[in-house]
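K.L.:
Input sequences plus hints: build the corresponding full structure.
Chains as they are written, first to last, in our numbering: chain V, 1184 to 1492; chain A, 2 to 279.
It is possible that some hints are incorrect.
[Claimed, not checked] In the EDC-like style, the derived pairs of lysine to aspartate or glutamate whose C-alpha atoms are separated by at most 20 Å in a straight line are:
(1) A:Lys107 with V:Asp1335
(2) A:Lys15 with V:Asp1280
(3) A:Lys15 with V:Glu1309
(4) V:Lys1214 with V:Glu1309
(5) V:Lys1301 with V:Glu1379
(6) V:Lys1390 with V:Glu1268
(7) V:Lys1312 with V:Asp1297
(8) A:Lys107 with V:Glu1268
(9) V:Lys1214 with V:Glu1353
(10) V:Lys1214 with V:Glu1401
(11) V:Lys1321 with V:Asp1347
(12) V:Lys1321 with V:Glu1309
(13) A:Lys107 with V:Asp1280
(14) A:Lys220 with A:Glu76
(15) V:Lys1390 with V:Glu1364
(16) V:Lys1301 with V:Asp1333
(17) A:Lys107 with V:Asp1333
(18) V:Lys1321 with V:Glu1364
FYI, nobody ran anything at the bench for these hints, they're computed from the structure.
Here are the chains, one letter per residue:
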Amino acid sequence: MAQALAVETHGLSKRYSTGVMAVNDLTLLVKTGEVYGFLGPNGAGKTTTLRMLSGLLHPTSGTAIVAGAAPGSPASLARMGAMVETPAFYPYLSGRDNLRVVARYAGISSSRIDPVLKQVDLTDRERYKFRTYSTGMKQRLGVAAALLKDPDLLILDEPTSGLDPQGTVEMRTLIGDLRREGRTVLLSSHLLNEVELTCDRVGVIAKGKLVAEGTVDELRSRSGGRTLLIRATPLEQARRLLESLLKPDQVKVVDDAIVLSVDPSQAASINRRLVADGVDVSELRVAEQSLEAVFLELTETPRPEGPPS
Amino acid sequence: MIASLRAESVKTRKRWANWILFAILLAWIVLLSYLTFYLVVRLSPHSIQGPVPASVLKRRLFPENYVPTVLNAAESIGAAIMLIYGALSTASEYGWLTVQTILIQKPTRWAVLAGKLVGAGITAVVVSLALLGVTALASYVVVTIDSSSSSWPSWEVTLKAFGALVLQLAVWTSLGAFLGIAFRSAAAAIGGGLVYLFVVEALLGSLFRNTPVVKEILKFLPGVNGGAINASFPATFRDTTATALVGAGRGVVTLLLYLAIFTISSLLIFQQRDVGGS
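P.N.:
As structure tokens, then:
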């Protein structure tokens, strides 16, 4: 049986009154219980999409079902928590009072406030006014507000934005906890490392269109997959030998290394041939195509030359 | 809507700007309408020019005249304060982006705004009660210090005055709230509202009141209609010699229409418009 979908969009588009086509014919399927990373450069249409899924923006065309109902409908909102763009709260209210206001809007008991404050580690600052909060604390309060309804689906827009390294790790841990609790998380980010470490599946959006979707490994393999990286002396002799063994377009010299687009299982035989030919091999390893490289390729962003990691 | 109303009560009560606004309104009445006026009449009666002697003028501060006094305040400073309050209550949500935080909770947009507008209406009722109470107390203090005698208006007049006060304050609040939603900026909403109030209604209304075309237009303006309602209450004498352009009954109907127009327009804009994005 097919896994149930927490978010489903078909042909979703948004054209602003300025004429800008922010999202173009987007079809997105987020499965229940997964952490889905919505990846794209700034201005790609991530926040616009999340705003449409939250009911803040009316789509120009297309359809969407979020948590089993139309975006922005009470049925959908009751089952989802969201933090879209910046965490926005009343500056003159304390963290606790802000959550009280949110709880009242959501029609839920204020007894939920203590657990969520504890969950985001804000209990000791709950009486401070929101305007005195640091960026990281504001971000955590935003997540606390999103968790208040004990939602099945969480939509988090750039959840680690502005967080220090420790806060980033804590946020990652929190997202992991949410997944273990069986919740679906749809998070947007332009930070590849974050997506790589937290997401089950990734959708890459560029210029308003979904250009790729899959697991991180699937995306890597789609873009050339793994390669062999060789550091050898003399470099030129090694390059000539490898070009005679393989096709010339499989051999690239990047900086002081040779990058081979071959099956990594050939590593041993290639090493033997190089040594037999009098080449000193100081390093030979499988190089992962970084998600960053895949991302830049998919979004057609020019990238600086450098060997794979 | 009840959920939204309950949330609004926390926000309104805990916002210092609201308390400061209402304190300014009450202080204005006590300090300017009563204290300053009483000191001038009492300590320097000869400085007052005009046909009405100071001894009669003083009666404006007595309980028999507290209803017209409070209604006059509602027409000017009360209108400005409530317009600012209304504008702040809606425009701040856009300024702080909290509009998106509240719209991703459970209630519909209609329920969110309806709760806010009903909350603002309740505030108008509370402010009206405070205005009547403070004005009555000030008039009682004055007549006691002056060792004079005066009678209180009947309960019927007081209740009508309360209704007139609530209606006018609610209209100005709803105009402020409407401008806040339309402009999505507190500065633009307050600026635009006050310019309308003090330039269009007050200044043009007094300078060109006798120009036939302007006179016809004035008959449809909320301030003029509020003034017509206020003029229908008994007073020993009035500051203005201008007669009301419309009757009190028409004034009530016109203000009710304005209240409906501002409320419905706010709801329609809020319901339809995108939140965020460009």
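K.L.:
Please go over all the hints and tell whether each is borne out by the structure.
P.N.:
Now the hints, each set against the structure:
1. A:Lys107 with V:Asp1335: 14 Å, holds
2. A:Lys15 with V:Asp1280: Given that 20 Å is the threshold and the Cα spacing comes to 9 Å, the pair holds.
3. A:Lys15 with V:Glu1309: 16 Å, holds
4. V:Lys1214 with V:Glu1309: 34 Å, violated
5. V:Lys1301 with V:Glu1379: 27 Å, violated
6. V:Lys1390 with V:Glu1268: 18 Å, holds
7. V:Lys1312 with V:Asp1297: Roughly 17 Å between the alpha carbons, so the hint for V:Lys1312 and V:Asp1297 holds.
8. A:Lys107 with V:Glu1268: 19 Å, holds
9. V:Lys1214 with V:Glu1353: 24 Å, violated
10. V:Lys1214 with V:Glu1401: 17 Å, holds
11. V:Lys1321 with V:Asp1347: 13 Å, holds
12. V:Lys1321 with V:Glu1309: 11 Å, holds
13. A:Lys107 with V:Asp1280: 18 Å, holds
14. A:Lys220 with A:Glu76: Distance of about 15 Å is within 20 Å: holds.
15. V:Lys1390 with V:Glu1364: Between V:Lys1390 and V:Glu1364 the Cα gap is close to 34 Å, so the pair fails against 20 Å, i.e. violated.
16. V:Lys1301 with V:Asp1333: Given pair V:Lys1301, V:Asp1333 holds - Cα atoms ~14 Å apart, limit 20 Å.
17. A:Lys107 with V:Asp1333: 13 Å, holds
18. V:Lys1321 with V:Glu1364: Judged against 20 Å, a Cα distance of about 24 Å means the pair is violated.
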